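2 protein chains.
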Amino acid sequence: MTNFEEKTTNTTPIYSGRVISLSVDDVVLPNGKPSKRELVKHPGAVAVIAITQDHKIVLVEQYRKALERTLVEIPAGKIEQGEDPKETAFRELEEETGYTASDLHFVQSFATSPGFADEIIHIYVAQGLKKVTENRQLDEDEFVEIHECSLAEAEKWIQDEKIYDAKTAFAIQWWRLHRF
Amino acid sequence: MTNFEEKTTNTTPIYSGRVISLSVDDVVLPNGKPSKRELVKHPGAVAVIAITQDHKIVLVEQYRKALERTLVEIPAGKIEQGEDPKETAFRELEEETGYTASDLHFVQSFATSPGFADEIIHIYVAQGLKKVTENRQLDEDEFVEIHECSLAEAEKWIQDEKIYDAKTAFAIQWWRLHRF
Chain A
34 MTNFEEKTTN TTPIYSGRVI SLSVDDVVLP NGKPSKRELV KHPGAVAVIA
84 ITQDHKIVLV EQYRKALERT LVEIPAGKIE QGEDPKETAF RELEEETGYT
134 ASDLHFVQSF ATSPGFADEI IHIYVAQGLK KVTENRQLDE DEFVEIHECS
184 LAEAEKWIQD EKIYDAKTAF AIQWWRLHRF
Chain E
34 MTNFEEKTTN TTPIYSGRVI SLSVDDVVLP NGKPSKRELV KHPGAVAVIA
84 ITQDHKIVLV EQYRKALERT LVEIPAGKIE QGEDPKETAF RELEEETGYT
134 ASDLHFVQSF ATSPGFADEI IHIYVAQGLK KVTENRQLDE DEFVEIHECS
184 LAEAEKWIQD EKIYDAKTAF AIQWWRLHRF
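Protein chains in written order, with the working numbering: chain A, 34 to 213; chain E, 34 to 213.
Worth flagging that the hints you see were computed from the coordinates, not collected in a lab.
Hints may be right or wrong, so weigh each one.
It does not matter which identical chain is used: a pair holds within one copy or between any two.
The calculated lysine-lysine pairs, modelled on DSS-like cross-linking and capped at a C-alpha distance of 27 Å, are [claimed, not checked]: (1) Lys74 to Lys111; (2) Lys66 to Lys111; (3) Lys69 to Lys195; (4) Lys119 to Lys189; (5) Lys69 to Lys164; (6) Lys69 to Lys40; (7) Lys195 to Lys111; (8) Lys40 to Lys195; (9) Lys74 to Lys40; (10) Lys66 to Lys189; (11) Lys74 to Lys163; (12) Lys164 to Lys119.
Computed from a prediction, not measured in an experiment: that's the story for all the values here.
Using the sequences and the hints given, assemble the complete structure.
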C-alpha cells in the first residue's frame, strides 16, 4: 500500500451550521504539488434495518430538500454530540417509527460521500421488534410517513426510484442476502 | 403519500467551488413554521463494478482527504458538465484502471447523503472487460493504486474497513447476489 497522504498546509473555514460545516484545505499532493480540497464535516449518522414478525421492513417517507422530492428510507438520524451510535439507533427507531427493538446488532459502517464529506453511517439490524406507540416523537422539523413493505414491494420501489438512497439500497440488498 | 414539501422562501449562497457548492435555504415546513436547510450541490458521479475473466473485482485505492485515510473503492468519478453518465463511466474506468469494457449495463442510481447533499451516483456493471494499457491517465490531483480481489478477499476488506464507502459496500453485496 503506497502512501498517498495529502498534507494540509492551510484550512479556510467557510461555514459552520446546524448540521454541517464546510472548509477548504490547501494540501500538498504526493507529487509535491499544491491543490485544494473542499471538505464537508458532518457528525455521522445511524440507520436501522427493522423487519417485523410478518417479514415486512419498516420504512419512513420524508421530504428531502436537497433533492426536492420525498424519499422512502430506512429509519435513520444524526448522532448527537456525545451519543453512542447504538444509542442513537435505538432513539431514532422509536422516535421515527414507534417501534422498539430488544437489541440492535451492528451490520456495517460506511462513508457516504468520501470525495467531499466525512459523514459515516452506522447500520444496525433490529432484533425483537415491537410496536410500542402510535404517537411518534418527531423533531420539530421532521414530518414522516411510515410504510411496512415486503421484500418484493421494497425491490419494486427501488425499480420505481421511490427508494433512492445509498443506505436503503444497501439495506434492501442486505435483507435479500440474510432473509430470516 | 402525504405532501411534505418544504417551500423555499430565500436562498443564501455560501460557497461555490470546484466540486461542490453550498447554500442555506429558508423554508416553510408542512406545519407552516419556518426552518433552515443547509444544502450541498454536487454534479453527480458514476461508479463501475468491473469483474475480470478470472472472477476478481477491480478496485482503486486512494487517499480521501475528507476522512484523512486511504480507501479501497470501485472505480468512480464525477460527471463532467454535459457528459452522459454512461460516457463518464467508460472514461473513468479506463482512466483509473487501464481497463475498457465492451459495454456497461446500468445497475442502479442512488443519492449518497440525501439529508444535506444532492449527489446522485449511477452504478454500472462492466461487460467484456479487457486490459488495454498499463499507462493510466489520471487527473493531475489523482493518485491511485489498483487492486484485483476475489469476492472473499473483498468481503474480508469490508470486515477490516479497508473498503469503507457506500457505493463499494453496495457493489460487493451486488456481486454476491449476482455472481456470474
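Okay, the hints, checked on the actual structure:
no.: 1; hint: Lys74 to Lys111; in the structure: both (12 Å within a copy, 20 Å between copies)
no.: 2; hint: Lys66 to Lys111; in the structure: between (36 Å within a copy, 22 Å between copies)
no.: 3; hint: Lys69 to Lys195; in the structure: between (36 Å within a copy, 25 Å between copies)
no.: 4; hint: Lys119 to Lys189; in the structure: between (30 Å within a copy, 23 Å between copies)
no.: 5; hint: Lys69 to Lys164; in the structure: neither (49 Å within a copy, 32 Å between copies)
no.: 6; hint: Lys69 to Lys40; in the structure: within (11 Å within a copy, 34 Å between copies)
no.: 7; hint: Lys195 to Lys111; in the structure: both (22 Å within a copy, 24 Å between copies)
no.: 8; hint: Lys40 to Lys195; in the structure: between (41 Å within a copy, 20 Å between copies)
no.: 9; hint: Lys74 to Lys40; in the structure: both (18 Å within a copy, 26 Å between copies)
no.: 10; hint: Lys66 to Lys189; in the structure: neither (48 Å within a copy, 35 Å between copies)
no.: 11; hint: Lys74 to Lys163; in the structure: neither (35 Å within a copy, 39 Å between copies)
no.: 12; hint: Lys164 to Lys119; in the structure: within (19 Å within a copy, 44 Å between copies)
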